[in-house]
Amino acid sequence: MTEPGDGDGDAQDRALLAAHAAGEPHAFDDLLGRHRQRMWAVAIRTLGDPEDAADAVQDASLSAYRAAASFRGDARVTTWLHRIVVNACLDRARRQAVRPTVPMPERPPADPRDELAERETQLVVQLALAGLPEEQRAAIVLVDLTGFSVEDAAAILDVPPGTVKSRCFRARARLAVSLGHLRNPESPEPVPPAADLEGGTA
Amino acid sequence: MSEHPDDHLDVHLDLEAMADALAAAEDGAALPGHLLGCAACATRFDALRVALDAVASDLAGLPAVPAVPAGLRRSVVPAPSPGATTVLPATPVASLDEARSRRARLVLAASGLAAAAVLIVGGGLLLSHNATDTRTAATSAASPGSLPVHDSGADYRSPAALQAALPGLLSPPATTPGKAAATTAPLHGVAPAATDPLARLRTPTGLQSCLASLTDPANTSAPLALDYATYKGAPALVVVLPSAKPSKLDIWVVGAACTQLESDLLLYVKADRPTK
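Quick mapping for you: the protein sequence lines, in order, are chains P and Z. Per this note's numbering, the first sequence starts with residue 1, numbered consecutively. Per this note's numbering, the second sequence starts with residue 1, numbered consecutively.
Check the hints yourself; a few may be wrong.
Said to hold, decoys possible - Derived coverage of chain P by chain Z (criterion: at least 3 residues anywhere in the stretch with Cβ under 8 Å from a Cβ of chain Z; other residues may be distant):
1) 12-25
2) 30-40
3) 57-65
What the hints assert, rightly or not - Below, computed lysine to any residue pairings styled on SDA-like, alpha-carbon distance capped at 20 Å:
4) Z:Lys232 x Z:Thr275
5) Z:Lys232 x P:Glu135
6) Z:Lys232 x P:Ala75
7) Z:Lys232 x P:Ala21
8) Z:Lys232 x Z:Ala154
9) Z:Lys232 x P:Ser149
10) Z:Lys248 x Z:Ala199
Since the hints were made in silico from the structure, they are not lab data. Every residue, glycine too, gets a C-beta built ideally from N, C-alpha and C.
From just these sequences and the hints, can you work out the full model?
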């Protein structure tokens with residue numbers, strides 16, 4: 001199955017963008033339909049809160065619609081779309097406090113106590129993700145949580161692949177501390193606060 | 001406590017330096033020399049390496065991404081204003097599922113049409129459709145052997161003109177002597193004329209390459225009609241495909257330069273399926 005955004009998928013995306021530019025009224029919705037699931041996944045993983053994520057995807061969709069005519073084709077359409085989504089998420093995260101939530105399960109748990117413990121763990125992970133510097137959060141969401149390759153994430157974030165890899169490892173290391181997996185009493189230095197650990201070197 | 005044999009090793013590695021070292025090591029780079037001489041940092045580095053596995057486990061344990069909210073499936077395209085020119089009847093906004101379903105159909109169209117093209121060139125348009133078609137499920141459902149392939153030479157000037165022509169396009173081409181027989185000749189194994197701008201699109205490989213730009217290789221349905229024609233004076237191939245809604249059809253109009261890399265798209269419209 002061809003995924004939107006790969007070689008053949010990008011040709012289809014470009015055909016739909018061309019159709020949109022030519023005035024076909026459904027082409028842009030069709031284009032979004034091909035990518036909406038992953039756009040949503042990036043947003044919900046980045047922001048945690050479903051309402052914020054939905055607003056971010058909606059903002060991004062409208063931004064893409066307005067900018068479609070100026071798309072120059074120097075990137076794949078999926079890269080262009082997800083770059084807009086990431087920026088919309090980060091803008092939203094900057095404007096307001098993130099409220100991580102964990103969706104309710106669709107089926108009742110076998111053991112409510114286990115379920116409660118699991119949901120607590122998930123909430124802790126969401127909070128830890130929300131506490132990452134935004135560049136690190138964007139990188140780890142794309143690579144670890146939504147399955148983009150380092151190269152694709154680099155294209156979306158418009159940075160070199162080495163920077164994405166560095167940001168991912170720094171994010172994982174920070175999560176290791178915040179999730180309690182890294183407690184070294186002989187640590188020569190306390191882990192600095194988030195603001196002092198900005199990642200991003202190539 | 002650690003001991004550092006060299007002065008430059010006095011500064012311990014912090015968390016981000018260790019993370020960068022791990023990232024570099026993944027690409028085959030050597031670990032920082034400090035780790036060889038500082039027991040404390042080496043211990044912490046090993047602990048970080050182990051901790052990252054636990055982090056990966058935690059991330060994998062996050063709940064699945066919830067379904068896309070219904071509100072996000074609504075169109076972002078503004079409705080046309082009352083005075084705006086509308087060339088085709090307005091259709092309801094395609095939902096996410098509908099769009100996905102339609103794309104899946106387009107996927108199938110590539111293989112189905114390619115198979116049809118092989119049949120066409122190999123032995124005639126209305127040749128038995130069970131001879132060489134190996135994509136049985138998809139293509140037999142759409143009977144590619146009876147796929148209407150027209151060579152109308154018509155000059156479509158608007159989507160409305162295509163809509164009007166749909167009943168004829170979906171019917172078998174005329175078999176009476178004259179224009180139909182003459183214009184379909186290249187489809188019956190005769191080499192396309194060099195002066196025919198659509199000659200490449202009459203060959204199986206050219207047609208398949210072009211359709212690959214419109215469709216997805218894993219498609220499960222077949223096209224409904226082809227017409228070698230012109231659109232606003234430009235040589236064009238009209239491809240009619242099923243739409244997700246039974247009452248609709250997708251019409252793709254591509255130019256002579258259509259290849260797998262570039263569709264040379266002239267028009268894409270969703271049209272009403274003609275009533276019988």
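Hint-by-hint comparison with the structure:
Under a criterion of three residues with beta carbons nearer than 8 Å to beta carbons of chain Z, the stated coverage of the region 12-25 of chain P is upheld, 9 such residues being counted. Under the rule that three or more residues need a Cβ within less than 8 Å of chain Z, the assignment of the region 30-40 of chain P holds, with 7 such residues. For the region 57-65 of chain P, the proposed coverage by chain Z is satisfied: 5 residues have a C-beta within less than 8 Å of a C-beta in that chain, meeting the threshold of three. Using a Cα cut-off of 20 Å, the hinted pair Z:Lys232 and Z:Thr275 is violated, with the two alpha carbons roughly 27 Å apart.
For the hint linking Z:Lys232 to P:Glu135, the alpha-carbon distance of about 49 Å lies beyond 20 Å, and the restraint is violated. Between Z:Lys232 and P:Ala75 the CA atoms are separated by roughly 31 Å; this puts the pair beyond 20 Å, and the hint is violated. Simply put, Z:Lys232 and P:Ala21 have alpha-carbon atoms about 17 Å apart, close enough for the 20 Å limit, and the pair holds. Annotation: proposed proximity of Z:Lys232 to Z:Ala154 holds, straight-line Cα distance about 10 Å (limit 20 Å).
Pair hint Z:Lys232 plus P:Ser149 does not hold up; C-alpha atoms about 43 Å apart against a cutoff of 20 Å. Proximity of Z:Lys248 to Z:Ala199 is assessed by CA-CA distance (about 30 Å); at most 20 Å being required, the pair is judged violated.
Violated hints, listed in ascending order, are 4, 5, 6, 9 and 10; each of the other numbered hints is respected by the structure.
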